[in-house]
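With chain U's structure known, arrange chain D on it following the hints.
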Amino acid sequence: MNGWILAAAVVIAAGLGTSLWGVSTGPLKRRVVAQNLSNAIVCPGLLLLAQGYGRTSYVDLALILALLGPVGTLVFARLLAGELADDPPSARVPTWTVAAVGAAVVLVLCAVTGPGRAMVKLLVVGALVVGGNLIASRALSHGFPGVDRG
Amino acid sequence: MKAPATLLAVGEVLAWWAALLVLWLTLISTVHTLEWVVGACAAGVGALAARAGRRAVSDR
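Chains U and D, in that order, are what the protein sequence lines are. Take 1 as the starting number for the first sequence in the numbering used here and just add one per residue. Take 151 as the starting number for the second sequence in the numbering used here and just add one per residue.
With the rest of the complex left out, here is chain U:
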């Protein structure tokens, strides 16, 4: 057990625990938001675990989740567009909190990694985590303006 694994445990326990609670209880609009945020909070956890175990190839797990998580949320947002249109979810504070955690973790890991291809990879993963989370949250709150034209 080192500091990275401890940090990963805290992020995953607090983040995933909270989002699982959000996914399994409450109204639909809270559940979809929690589902979206669970992807965005597990990614930094996986990055911390990769650093803790000293195996940079584990970063690929976070990369895949960062790619597929927001896509899954977009599918939910599209399928549930009718239900969510009357009472759209708004979760600005949790969304930006999760984005800030992701950005902070990526920046700390970049500082530890030092310049090089590994750092660029971390930045790509970070951009996917934060950007994907924000885009997916926006799609949940605002729907898909212009998509239903034809």
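Calculated from the structure, these hints are not laboratory results. Incorrect hints may appear among the rest.
[As the list claims (entries may be wrong)] Computed, partial: chain U to chain D, Cβ under 7 angstroms:
hint: 1; residue: 55
hint: 2; residue: 134
hint: 3; residue: 138
[Said to hold, decoys possible] Label-pair distances were calculated between CB atoms; the ranges are:
hint: 4; chain 1: D; residue 1: 191; chain 2: U; residue 2: 92; range: 17 to 25 angstroms
hint: 5; chain 1: D; residue 1: 185; chain 2: U; residue 2: 92; range: 36 to 44 angstroms
hint: 6; chain 1: U; residue 1: 24; chain 2: D; residue 2: 176; range: 34 to 42 angstroms
hint: 7; chain 1: U; residue 1: 26; chain 2: D; residue 2: 207; range: 49 to 57 angstroms
hint: 8; chain 1: D; residue 1: 195; chain 2: U; residue 2: 2; range: 49 to 57 angstroms
hint: 9; chain 1: D; residue 1: 194; chain 2: U; residue 2: 72; range: 23 to 31 angstroms
[What the hints assert, rightly or not] Away from chain D, derived, C-beta distances all over 10 angstroms, residues of chain U:
hint: 10; residue: 9
hint: 11; residue: 72
hint: 12; residue: 87
hint: 13; residue: 115
hint: 14; residue: 124
Nothing here was measured: the structure is a model prediction, and the numbers come from that model. We put the beta carbon where it would ideally sit given N, CA and C, even for glycine.
Chain D alone, transformed into the frame defined by chain U:
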């Protein structure tokens, strides 16, 4: 397809290809010749798909 349009299409595919190849080389762990070959091929397929996708959403 006229000559300028062909040139534009080739340029677009080449741009996608270069960007995807750089992404490939960034994401792999060690760079050797085989990785270059596989990456270039995968980036080529990806570039064609990217252009098709871009046209599907913009050229209506």
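Now the hints, each set against the structure:
no., hint, result
1, 55, "violated (10 angstroms)"
2, 134, "violated (20 angstroms)"
3, 138, "violated (17 angstroms)"
4, 191/D with 92/U: 17 to 25 angstroms, "violated (44 angstroms)"
5, 185/D with 92/U: 36 to 44 angstroms, "holds (42 angstroms)"
6, 24/U with 176/D: 34 to 42 angstroms, "holds (38 angstroms)"
7, 26/U with 207/D: 49 to 57 angstroms, "violated (35 angstroms)"
8, 195/D with 2/U: 49 to 57 angstroms, "violated (41 angstroms)"
9, 194/D with 72/U: 23 to 31 angstroms, "holds (28 angstroms)"
10, 9, "holds (26 angstroms)"
11, 72, "holds (19 angstroms)"
12, 87, "holds (29 angstroms)"
13, 115, "holds (13 angstroms)"
14, 124, "violated (7 angstroms)"
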